[in-house]
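Colleague: Those sequence lines, one after another, are chains D and G. Following the numbering used here, the numbering of the first sequence begins with 1 at its first residue and continues without gaps. Following the numbering used here, the numbering of the second sequence begins with 1 at its first residue and continues without gaps.
You may find that some hints are simply not true.
One copy or two, it doesn't matter: identical chains are merged, so the pair holds either way.
As the list claims (entries may be wrong) - Below are the DMTMM-like pairs computed for lysine to aspartate or glutamate, each with C-alpha atoms no more than 20 Å apart in a straight line:
no., residue 1, residue 2
1, 31, 107
2, 64, 121
3, 195, 158
4, 6, 44
5, 195, 160
6, 101, 191
Treat the hints as calculated values from the structure; they're not laboratory data. As the structure is a computational prediction, the values presented were derived from the model and not from experiment.
There are 2 protein chains.
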Amino acid sequence: MLSQQKQPKALNIGRPRSPKIDRKVLAAAAKLVLSDGFGTLTMDAIAAEAGVGRMTLYRRWPNKAAIVMDAFVARVDPNTLFPSDGDYLETIRLQMRTMAKAFRGEDGVLIRALLGAAQLDPDLAAALRNRWTMPRRKMAAEYFREGMRQGYLRPDADPDALIDLLYAPIYYRLQMGTGPLSNAYVDAIFDHAMKGFRNDH
Amino acid sequence: MLSQQKQPKALNIGRPRSPKIDRKVLAAAAKLVLSDGFGTLTMDAIAAEAGVGRMTLYRRWPNKAAIVMDAFVARVDPNTLFPSDGDYLETIRLQMRTMAKAFRGEDGVLIRALLGAAQLDPDLAAALRNRWTMPRRKMAAEYFREGMRQGYLRPDADPDALIDLLYAPIYYRLQMGTGPLSNAYVDAIFDHAMKGFRNDH
DNA sequence: CAGTTGTGATACGGGATGTATCGTATCACA
DNA sequence: TGTGATACGATACATCCCGTATCACAACTG
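Could you build the full structure based on these sequences and the hints that come with them?
Modeller: Below is the structure:
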């Protein structure tokens, strides 16, 4: 699923969609969510901020959550990857810190809004899973399987369980607000979770 | 915070609030959320289902999320406690299974709705933290500290980190839908997380 | 009895949604 | 160059829900 957008009516006949509108709309949506929150976001405000007709929004997206979803993915797509050099286990810790840092900032505001809206909108929930959650889980699972092959992780480890143990607590704190998403917290989760997975030879 | 209700104007003068209305409203709200979802829930529908005037709802609760919050707490308050007998570590596993089972059913629908709404409503987020999350965290932390004293858990364990490692994955699956909240899943999380906390003597 | 508040019904204004329509703009194709 | 099809911005519209206000009546205290 490349985006939440509706398809144009036809491909090679008629006036084509203006490509600049996407950028303007997504930037406007992100700006408004970050300044005023998702709760007060309206299609009208997005259209005004982007300098675009409101009808154009409804022509391209089914609702505001879809717009924010596209805006979010456009922002964070290149981030939170696993660096390919350095110590194997420390790379995981650093990746978790990178993610926690992103969640402490503007990305955290956006993903909280999307997670909340997804609980009431099955389409958005599927989009969040397909475009955000699953790609990252696949990358992590690949990295972990490679670590199992190379002997850094126990050969009988369950990559999915490890993903959940490492990353679910970060989402949990983001949503529950039971404490700060600090490096110290990430380290505590990492260290404890890893005790069951590290291969101690 | 005993409930999300607004206080009556006065205590001993004037007509007292009808006590039956609470039950009817909370039952109606729960029924509607479970049948049609939280997204389409309206104050009007709750009032109609409960056979109550809409004004009465606004007199007692600030918004529909507060009503669902009260309905949820009224349903699940007595559940998901730690049984006091049996093997210490197995008791934790069983408690996690009980919670997962509740989340697989109607309670899961309700708490998903509340978690979603809480992302847009700071008051509701605080209520969810104070009335649901924190009481359970306190109970768990107490149980874990007792286990540290009695030698079942490592004396240098961090109860908060253990809580997050054990329970955050359950919330994660509930919301993300990355897999079933089965007993097998609970066991995988429990077994892996416990490797870093169990006292192996 | 008087005073005070809860209850149900109804009306109201405000705001957001999603659709429809209009004139204009931009493209492909003949 | 012109024709057909679609996108764009603007506007109007019906609909829905919210939260408040108001009313007559009910229920309680003293």
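Colleague: Each hint needs a verdict: does it hold in this structure or not?
Modeller: Each hint, compared with the structure:
For the identical chains of this complex, residue 31 and residue 107 are intra-copy neighbours only, at 12 Å inside a copy versus 35 Å across copies, given an alpha-carbon limit of 20 Å. Taking the shortest alpha-carbon separations for residue 64 and residue 121, both the intra-copy value of 11 Å and the inter-copy value of 18 Å come in at or below 20 Å. For the identical chains of this complex, residue 195 and residue 158 are neighbours both inside a copy (14 Å) and across copies (14 Å), given an alpha-carbon limit of 20 Å. In this homomeric assembly, residue 6 and residue 44 come within 20 Å of each other (Cα to Cα) only inside a single copy, at 19 Å, whereas the closest approach across copies is 33 Å.
For the homomeric pair residue 195 and residue 160, the shortest alpha-carbon distances inside one copy (16 Å) and between copies (17 Å) are both at most 20 Å. Taking identical chains as interchangeable, the C-alpha atoms of residue 101 and residue 191 lie at most 20 Å apart only when both belong to the same chain, with a minimum of 18 Å there against 29 Å between chains.
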